[in-house]
Each structure stands twice: as C-alpha cells, then as structure tokens.
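Put chains B and C on the given structure of chain A with help from the hints.
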Amino acid sequence: MTVIRFEGDELEAHPDDNVAVALYRAGVRTLSRSIKYHRPRGIFCLAGHCGACLMRIDGQPNVKACRTPCRDGLVVERQNAFPSADLDALAAADFFFPRGMDHHTLMTGNRALNVVMQKVVRQIGGLGRLPDQPVATLPAPRRRHVEVVVVGAGPAGLAAATALGRAGRQVLLVDEQDRPGGSYLADPRFGLAAADRAVQCARAAGAEILRDAAVLAWYPEDAPATGAPPGLLAVHVHGQGLLRLTAERYLYATGAYDQNALFADNDRPGVLAARAVGRLLVQHGIVAGRRPVVLGAGPYARALAEALQGAGAEVIRVDGVATRILAARGRSWVNGIEVLDPGGAKPRRISCDMVVVAALPAPASELPRQHGAGVTLRPEAGGFACIVGGTGEAARGVWACGDVTGFVGPAAAAWQGTAVGEAVARTFVDQP
Amino acid sequence: MSDKAAAMSGKTAVMSGKTIICRCEDVTLDDVHCSFELGYATVEEVKRYTGLGTGPCQGKECMVLAARLIVSVAHLGGAPATVAPFTARPPLESAPLAIFVAAAGDDEDPAR
Amino acid sequence: MKKGQACPTTGPVKPRCEIAIVGGGVMGLSIAYQLAKRGLTDVVVLESGYLSQGASGRNGGGVRMQWSTELNIALMQESIELCGSFAQETGVNVWFRQGGYLFLARTEVEREKMERNVALQNRHGVPTRMLDAASARDIVPELDVTGIVCACYNPKDGVLFPWPFLWGYAHQALRRGVAVHLDTAVTAIERGADGFLVHTSKGPVVAQRVIATAGAWSPAIARMVGVTLPTVPHRHEILSTEPLKPWLTPMVSVLSSGLYFSQSMRGEIVTGITVEDQHDGRVKLGSRLKFLTTLARELVALVPRLGGVKIVRQWAGPYDMSPDGRPILGEPPGVPGFHLCSGFVGHGFMMAPVIGKLYAEWLTGGSRHEVFEHCRLARFAEGRVESEEMIIG
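First to last, the sequence lines map onto chains A, B and C.
The opening residue of the first sequence carries number 1 in this note's numbering; numbering runs sequentially from there.
The opening residue of the second sequence carries number 1 in this note's numbering; numbering runs sequentially from there.
The opening residue of the third sequence carries number 1 in this note's numbering; numbering runs sequentially from there.
Treat the hints loosely; a few may be bogus.
[As the list claims (entries may be wrong)] Below, computed lysine-lysine pairings styled on DSS-like, alpha-carbon distance capped at 25 Å:
{"hint": "1", "chain 1": "C", "residue 1": "Lys-37", "chain 2": "C", "residue 2": "Lys-14"}
{"hint": "2", "chain 1": "C", "residue 1": "Lys-37", "chain 2": "C", "residue 2": "Lys-245"}
{"hint": "3", "chain 1": "C", "residue 1": "Lys-156", "chain 2": "A", "residue 2": "Lys-119"}
{"hint": "4", "chain 1": "C", "residue 1": "Lys-14", "chain 2": "C", "residue 2": "Lys-156"}
{"hint": "5", "chain 1": "C", "residue 1": "Lys-202", "chain 2": "C", "residue 2": "Lys-245"}
{"hint": "6", "chain 1": "A", "residue 1": "Lys-119", "chain 2": "C", "residue 2": "Lys-113"}
[Claimed, not checked] Pair ranges (Cβ atoms, derived):
{"hint": "7", "chain 1": "C", "residue 1": "Arg-137", "chain 2": "A", "residue 2": "Leu-326", "range": "29 to 37 Å"}
{"hint": "8", "chain 1": "A", "residue 1": "Gly-390", "chain 2": "C", "residue 2": "Gly-337", "range": "23 to 31 Å"}
{"hint": "9", "chain 1": "C", "residue 1": "Thr-146", "chain 2": "B", "residue 2": "Val-73", "range": "55 to 63 Å"}
{"hint": "10", "chain 1": "C", "residue 1": "Ser-85", "chain 2": "A", "residue 2": "Arg-348", "range": "47 to 55 Å"}
{"hint": "11", "chain 1": "B", "residue 1": "Val-73", "chain 2": "C", "residue 2": "Gly-366", "range": "38 to 46 Å"}
{"hint": "12", "chain 1": "C", "residue 1": "Lys-202", "chain 2": "A", "residue 2": "Thr-137", "range": "38 to 46 Å"}
{"hint": "13", "chain 1": "C", "residue 1": "Arg-123", "chain 2": "A", "residue 2": "Val-120", "range": "31 to 39 Å"}
{"hint": "14", "chain 1": "C", "residue 1": "Gly-337", "chain 2": "A", "residue 2": "Leu-326", "range": "57 to 65 Å"}
{"hint": "15", "chain 1": "A", "residue 1": "Ala-112", "chain 2": "C", "residue 2": "Pro-204", "range": "46 to 54 Å"}
{"hint": "16", "chain 1": "C", "residue 1": "Ser-135", "chain 2": "A", "residue 2": "Ala-89", "range": "35 to 43 Å"}
{"hint": "17", "chain 1": "A", "residue 1": "Pro-220", "chain 2": "C", "residue 2": "Arg-123", "range": "43 to 51 Å"}
What the hints contain is simulated information worked out from the structure, not anything from laboratory work.
Even glycine gets a Cβ: it sits at the ideal position worked out from N, Cα and C.
Next comes chain A alone, as it looks inside the complex (with noise of 0.2 Å):
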C-alpha cells in the first residue's frame, strides 16, 4: 500500500490509484469549489479532461488529481475555499445568486461601491495559489522522427497501429493515460482482457507505445530541426518534459470527451460520466454507489447497469429521453433525482446515491482539426465528428479513426482502425 497525506491525514492507496480514486475510497467526496459560485465540486470524468478534480498537490496549484498518480508521502490539499473546501463560506455566492450572478453588469451604478465590489471579486477569485516553490529543472527536450504515429492508444489506435506494423511499418502510439487501452479501460463488456490483448498485438506487431504522453498540439510553423520542413507535434511527456515528433504520416484516433446532461445541479458531487462509474468498475474494481442511477438509452448504459447490478448494485434506469431528468438533490453528494414521466404533471423523486450519466462522448477533434482536417457538427455522433474520406484520410498526410469520426463505441472503433491501419500502410507502397 502507498500512503499519501491529504490535509493532515495519512490516506491508504492502492498502488495503481491516481489520487482522486485514492480520495473516492478514502470517502473524500469534495475535491474542490468551483471559481465563480463555490459549488461543491467532485469527480466527473476521472480521464483528465473536465477540470473537475484540480487539487493542490505538492504544493502546485491546479493539478488534475485524477491524472496524478500516488507516491508515498504525496501532499494532496483541497483549494479555493475557506475555511474549508466542506464547509466554504464563499459558497454564499452559490446561495446569494441562485439564478446566477451576470458579473457584467454587477453593481456598476456607483463607480466607488464598484471599485469596492472589483476588490473583493479579485481576492476570492482564482483557484489555487502561486505555488510554493520552483520545480526542480526538467530533462532536455527530445527530438523523433518516425514513419507512422498514432495519437491515442483506445480501440481504434491500437487497432491502426496492429495492421500497421504487421505491414512492415514503424509505428509510435502515443496516449495521454498512464495505461494504454483508451476506452476498453472503461468499457464492463471489454475491460483490462480486452485492452491488454490490444496491446500485445500492436506490440507483437512491432509497435512502440508511448504513454503519459499528451500531444499538446500539432505545430505548422515550428520546423523540428534546421533545415527540416515547418510542422510538428509538441508532446508532453509527463516527468519527462518536452518531445518534438514528426512523421510520416500522422493518424488521429484520440477518442472522445465524456459530456455532463443539463439539469439543475448537473454538476452535484455524485454525478458522474458514466465512462467514470466504468473506469472505477474495470480499472479499480470500486462499485460507484450502492443505488446508481444510470442516465441513458444507449447500449453502454444498457451494458454498464448490468455490470453494476451483477455487482451488487441496486441500479435505476432511467432512459433521460421520454422520462426527464430535472434536477439532481442532496447537499454536498447527491441523494436522489427528479425527474418529469411522460405524461406526467408532478416531478417524481428518486432517491440514489449516484447519478451515472451516459451522454455521447463528443469527438476530440481539436488535433485533427489544427492539423488541417475539417469537422461538422452530428449531434447523433456526440459532436463536431471528424471529417474523413473512404480510407480515413482527413488532410494531406493526416487520417483519422475512430469515435473521433463520430462516436461508434469500441468494437467499431476498432474495426475502423483496422481498416484506416491497412489503408495508410498501403500509400507507402503505393508511393513511387
């Protein structure tokens, strides 16, 4: 077991826990106050892409705790909140402003009362604090060139990358997690088999992986060595600094983005992406509430209450189209929901102790995008969905697979992958 200190308390960890798992089990369920109103903030995503979990760890400010891994003696505190991120008295402006407060137009009739107000929303503004200390100097930046790379190691990346190295090709997958398998990881009808076995595919295909590796961005002006063509890809290499890569050939299967539902109190500790409830399911082996409610239609919801209801869960259904979802209750955790019947004249409540909501993930297409690929907006496919021609090209160079296309879930992502793999090892020999 790891032990970190949270607050002044030594906290048990597993080993492979990242800090907000080991702060769920610990029954931690504030993790931090929002900027504007103070809510009570806790768990979304737990894949570092919502901003919901940023905690004061080691002393630097607004780090994602669902990103950081525990280590012993890892300082973790709560931020942006006093006297304490339980009991915050800033949260009075959550209670002060229950329609909510339009700061452009606060108190602007009396220019001396707005200098006032403007001083105190500057102090109780900001998350976390200047950090303690500067961070110890970081390795030199590393400079690759590959013939083929994958960003994001889920279903279809690994996929792509199987069919490209059983080609013949080089290929470097790159993935922002600490362990590859992308959505698989949160999937009950997948899990850690499924993942694994995709990994040691791609690997026995030849294959290298990169992980804890975020691509912060596709660069078109910054050349990766004198006299080498303008255009390459930042990536952050957690603990490891800054690497400059180029390729061949650039394939995009970065997923996508778990989405919140739109109620009153949407944003309650307690309700959580439904790929969150998974990910604590299959990575961590945690049964999120003992009366869930899952928020949802489609076949993942269908898939994800079975797992939880075979795991001892008492699992509520409630498909959120015909029957609506109008506001998630409780005080700091949720305990309960309202939701309107078809039909029906009054909200009805139900009471639970988790809302589990399974919205279509949107498209992560911003890399996509700045490297030259165009997007439309398909509500049915979660978002703005990648465009791509019939072999997956999205721009000279670029493909692109996978729920970044439009949300298909992992068996097709997978499958696309496959076929997007053979088509960019095919233009290498196609090439004269």
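Only chains B and C this time, still in chain A's reference frame:
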C-alpha cells in the same frame, strides 16, 4: 475510510438549483440563453460573452453542449452544418511553463 | 444587460447614413458611442466578423501612461480616466484595476532612456518613480532581479478585460440608434459627390463620411479609395495560464525582450514577449512553439515560482505597425470625408477611449485636437520623425 473522512462525506453544502453548462467557469444555462437574447449566438460569441470554454478544460466538456443548444433554439435557425467550433488553440492539455524552459534555445528555423 | 435590449442587426445595411465606420473593434465602437452621445446617431458600424474577433479581442488588456512622447502621455492620462468611469457610464464591468506598471531595465542604455522618460512623465503630472532593483522586489516580491539594473513604476497604470469594452460601447451605441452589423464585410468603396458608396456583403450604403477603424486590416480598406497606408501587421503572440489566487499587483515588463505579464481579475497570468517573425504583409494569427519556449525561458527566470504554473491557451493578434510608431489619423490628402484611424502599434486598445472622444468631438463640429494634425498621413512625405520608444509585447 478514516473517521475524519467519514465525517466529511456528504453533510454540508446547499446548492442552489443552477444548471451548469461550463463547469470550469460556472457558466449556467441561463447565461447562455441571455447571450442568445443579446444576439450573440454562435459558438465563438457565446464563448466570449459568457466565458464558456475559457477555463482549464478549454471547452472539452461544454463546447458541444453549447453547440447543441444553438441548434435546438428555434429562432436561431442554426442547422448543425452551420455551427462551427471555436478555434482549437495549443496546448490541448494544460502544460507547465517549466517544460518549455528546458526546450528553449532548441528551436530551429523552418526551411525557407 | 436586459432582455429586449437592442441587438446587432442581422438584416441588410440601410441605404444611407451619415457616417459609416469600417471595423467594429474597440476603436470603431468607441467612436460610434461617442458620436451617439453627442447626438449623431445616423451611424453604421460594419464589422466583418463577430465582436472581439480582431485585435480588440486578443490583447493583454494593459493600459498605461508611461510613454516617451508628450502626446502619448497626455492622451493616455485621459484614456485611463475614461476607463475608470466606463462601468458607470455604460453599465458594463471592464474589471479595470490600477495596480500599476513596473518596467525593468537590464542595461545602462535602458536606464538612461528610462530616466529620461520618467522625467518627461513627471513633468506631465504622471507619478512614475525610478526604483532600484531591490525596490522592485518590494512591489513584486516573487521577482528574481538578477541582472536588473533599475526599474520604474507608475501606480496609476493598470489592466482591464478587453471583451466587455465592446459589449459596453456597442450596447450603448445600439440603444441610441446606431446600427451595428456583424459578419458584414466591406468589399469596395466608391467615391462620389455625395460621399462614399460603401459596398458590403449585406448590401450597399451611401455614407457622407467614412472612418476606417479596421486595425491591421486597414490598408485594404484605404486602398479602396486609392490611399496607400504605410502600415504593416506584425504578429504578437500571447498566452494565459490557469487561474491563480491574486498575487501579482502590477503589469511587469522588461523592455529589452518585450516581455510583459500581469494577472487578470480571474487570476490568470496573461503574458507575451517579442519573438522574431517573418513579416510578409499578411495578418498572421497562428501559434508557435517557439513563442512558448522564448517566453517560458524569460518569465521563469524572472519569477522562478511560475515554473509549475500551467499554460491553458496561447493565441495571437496583430500589432498594426506604423513607420514612426505613431498612429495615422485624420483625412488623407485628396480624400476629404474619409478618415483614417489605425497604426496604433499594439496600444490601440488603451487609446480607444480617448481617440473615440476626440474624433467624435471633431466630427460633430467641435474642436479638432492637435493629435489629428500630429498624426496626419502626409507627415511621412514631409519627413517628420518622432518615434515612440516604449513599445512592449
């Protein structure tokens, strides 16, 4: 679970019934509707008027919600194909200044 | 702002108006607002994109009186005064905070320039004072002042948030009957006896007078009436960090590198630095890794504790560069009724409140401020040179 942690769980904090669309900046659904009323009804304009998408997650959790709202609000007349996302700027994950310090001096001029 | 409030027009542009303002950034909207305040409301503002799409939405929000020419000092004194009353006048908060500007010098040559400029500023009633490096740390204790030879500080300078300036000016202008057209590009301008026929993507409008407030995009507008503007766009990159609790009082700037950094009301550090670039006459808005590495090296050396602070977003905007660092205002020779208003070299935003007021005074029959004489386009042909030296970013 320690005693203190147990004591911490779920007792305090009354929340006020807001529907939050941008978690990072506490932008509510009402804020976005206000923006629509004022005539600022593209994703870029909603972002600027309400602050949606300008926080640590840079729109990963909220931009599509805003886009869907634009499409669904009848008088805005936005068919999905007409709605564009806001510019995808670097870095796509927030990154500490320190990693760029170590890389300084290493930049090369692109080929002319 | 309330429901039922006047909005930007989505329909076609009206057929005639007294003044057409080309460019709906802070400069154009400031002029429109000031004209409307003085009763001249038959004004059309034509903005090719959305509000704050141009430099007005991209700058770091700094406002200062510390300049090296009498004119700039005087103008900015008034502009800062106007910033202070903006929220009350327009009903929109701009988060103007007078935390001061702290300039740092690294060489004796810079020290000399600094002393000269501070003396000039003091003569004009600006309370800038010279400081030694140690005293600079009294104001910003987190600074590592290794290599800093001296500093100067004016507590009355400040920072604001630029976007709401546009809402404030636009809504007040709209309320008074000014038409603001977004997503409306000007494609051609014909000159005639009656004024100007301005062709737009939403139809033509005959305007008696035209004001070109298109910032870095002004040369194309001026060319439409046969005027060549000697301005060129220089890209300046900028970034903001995650929000921190308040710790930084002033805007800090290092003259030798053009580094500047300040803390916004939301707590982010907003910062930029000069980076070598290829200038090809186009407005470039892309981001470079080279900017991040150049900036990080300078900023973290100056404030070591910032090493772990995370960058959330980088973007860019154009500085509209004029050959002598002074803007280009007034009517160009041979085109009466066409008014220039660009070339502000990265400090147009902070000048907009006062320039708007001065232009409106003149155009509604009031006095013509000396700045319009001082900044005539014709000065380049006449060979007058008095440059502004305190440019940062």
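So, going through the hints one by one against the coordinates:
Pair hint C:Lys-37 plus C:Lys-14 holds up; C-alpha atoms about 21 Å apart against a cutoff of 25 Å. Restraint check for C:Lys-37 and C:Lys-245: the C-alpha separation of about 39 Å exceeds 25 Å, so the hint is violated. For the proposed pair C:Lys-156 and A:Lys-119, the alpha carbon gap of about 16 Å is at most 25 Å, so the pair holds. About 43 Å separates the Cα atoms of C:Lys-14 and C:Lys-156, which puts this hinted pair outside 25 Å; it is violated.
Restraint check for C:Lys-202 and C:Lys-245: the C-alpha separation of about 46 Å exceeds 25 Å, so the hint is violated. At most 25 Å may separate the alpha-carbon atoms for a hinted pair to count; A:Lys-119 and C:Lys-113 exceed this at roughly 34 Å. At about 55 Å, the CB distance of C:Arg-137 to A:Leu-326 disagrees with the hint of 29 to 37 Å. At about 57 Å, the beta-carbon gap between A:Gly-390 and C:Gly-337 misses the expected band of 23 to 31 Å.
Between C:Thr-146 and B:Val-73 the beta carbons are some 56 Å apart, a value that agrees with the proposed interval 55 to 63 Å. Between C:Ser-85 and A:Arg-348 the beta carbon distance is about 53 Å. The supplied range of 47 to 55 Å therefore holds. Under the hint 38 to 46 Å, the C-beta atoms of B:Val-73 and C:Gly-366, about 45 Å apart, fit the expected range. For C:Lys-202 and A:Thr-137, the hinted distance range of 38 to 46 Å is not satisfied, since their beta carbons lie about 56 Å from each other.
C:Arg-123 and A:Val-120 have their C-beta atoms about 37 Å apart, which keeps the hinted 31 to 39 Å range intact. At about 60 Å, the beta-carbon gap between C:Gly-337 and A:Leu-326 stays in the expected band of 57 to 65 Å. The beta-carbon spacing between A:Ala-112 and C:Pro-204, approximately 48 Å, falls within the hinted interval of 46 to 54 Å. At about 37 Å, the CB distance of C:Ser-135 to A:Ala-89 agrees with the hint of 35 to 43 Å.
Checking the proposed 43 to 51 Å range against A:Pro-220 and C:Arg-123 shows it holds: the Cβ atoms sit about 49 Å from each other.
When held up to the earlier numbered hints, the structure conflicts with 2, 4, 5, 6, 7, 8, 12 and fits the remainder.
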